[in-house]
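S.K.: The sequence shown maps to residues 1 to 220 in our numbering.
Simulated from the structure, these hints should not be mistaken for laboratory data. Note that the structure is a prediction, hence the values are computed from the model and not measured. Ideal Cβ placement from N, Cα and C applies to all residues, glycine included. Please note that a few of the clues may not be correct.
Said to hold, decoys possible - Cβ-Cβ distance ranges computed for the label pairs, FRET-style:
| # | residue 1 | residue 2 | range |
| --- | --- | --- | --- |
| 1 | ASN138 | THR5 | 57 to 63 Å |
| 2 | ASP175 | THR32 | 15 to 21 Å |
| 3 | PHE58 | LYS113 | 24 to 30 Å |
| 4 | HIS135 | GLY94 | 30 to 36 Å |
| 5 | ALA50 | ARG120 | 31 to 37 Å |
| 6 | ARG166 | GLY94 | 36 to 42 Å |
| 7 | GLY94 | ILE188 | 30 to 36 Å |
| 8 | ARG194 | GLN16 | 33 to 39 Å |
| 9 | GLN168 | PRO56 | 37 to 43 Å |
| 10 | GLN148 | THR32 | 22 to 28 Å |
| 11 | GLY37 | THR180 | 38 to 44 Å |
| 12 | THR36 | GLU190 | 33 to 39 Å |
| 13 | SER134 | PHE191 | 51 to 57 Å |
What the hints assert, rightly or not - With a cut-off of at most 27 Å between alpha-carbon atoms, the simulated DSS-like pairs for lysine-lysine come out as follows:
| # | residue 1 | residue 2 |
| --- | --- | --- |
| 14 | LYS113 | LYS67 |
| 15 | LYS31 | LYS113 |
| 16 | LYS31 | LYS67 |
| 17 | LYS67 | LYS147 |
| 18 | LYS147 | LYS113 |
| 19 | LYS147 | LYS3 |
| 20 | LYS113 | LYS3 |
| 21 | LYS3 | LYS67 |
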Amino acid sequence: MEKFTRLTSVAAALPQENVDTDQIIPARFLKTIRRTGLGEHLFAGQRYDADGRENPDFVLNKPAYRKAGILITLDNLGCGSSREHAPWALLDFGIRCVIAPSFADIFYNNCFKNGILPIRLPREQCLALMEDASHGENARLTVDLEKQEIHRPDGEVLSFEMDPFRRQVLLEGLDDVAQTLKNHEQAIREFEARPSRAWVPSTKQPGRPQSVIGSKGEQA
1 MEKFTRLTSV
11 AAALPQENVD
21 TDQIIPARFL
31 KTIRRTGLGE
41 HLFAGQRYDA
51 DGRENPDFVL
61 NKPAYRKAGI
71 LITLDNLGCG
81 SSREHAPWAL
91 LDFGIRCVIA
101 PSFADIFYNN
111 CFKNGILPIR
121 LPREQCLALM
131 EDASHGENAR
141 LTVDLEKQEI
151 HRPDGEVLSF
161 EMDPFRRQVL
171 LEGLDDVAQT
181 LKNHEQAIRE
191 FEARPSRAWV
201 PSTKQPGRPQ
211 SVIGSKGEQA
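All chains should be built: construct the whole structure from the sequences, respecting the hints.
M.R.: The structure is reproduced here in structure tokens:
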């Protein structure tokens with residue numbers, strides 16, 4: 001997973017509440033388990049019309065925001081289903097940071113597992129950042145995870161809170177597998193090196209009492 005330390009990028013504003021995972025990536029695109037190729041379907045219901053043509057009024061179709069790396073929206077981002085395709089689609093499009101007053105829990109967790117930084121900020125600050133974003137590519141935000149700061153174009157610095165463990169996971173670029181290997185690789189190697197005979201299953205059949213032969217040869 002790519003490390004997240006400091007990101008300077010154009011931000012796209014989506015001033016909507018309760019943006020659910022079906023809006024982020026509609027269900028008809030969930031036939032794949034690959035993490036690539038989903039970016040073109042991100043917000044497909046709003047980006048394209050019924051004939052597949054781009055909606056010029058949608059923010060990610062506007063020239064200034066086609067390469068946005070930050071998405072700012074309102075309360076309860078990522079509600080709905082638990083599909084991990086939602087952060088996959090965001091990341092494949094190029095979005096590495098999402099900012100909102102609140103997130104749905106599963107979506108929030110899935111962001112960290114895929115190298116996306118989700119930041120909770122008060123609604124007033126989100127609206128201020130949306131105003132910054134309205135100025136197009138001339139208004140870039142800088143998100144510094146190490147310092148837990150967001151630098152606005154006018155020089156103002158906003159601080160944000162972050163769980164120390166989740167912060168470290170992103171700084172080091174560790175997904176679940178990498179975390180396991182970091183903490184337990186030696187134990188895993190030792191387990192795999194044990195002689196295979198130690199794992200030969202018993203020939204006894206579970207649930208059936210074993211015969212006991214008495215001293216005279218009769219079965220007890």
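S.K.: Failing hints, ascending?
M.R.: Hints 1, 4, 6, 8, 10, 11 not satisfied by this model.
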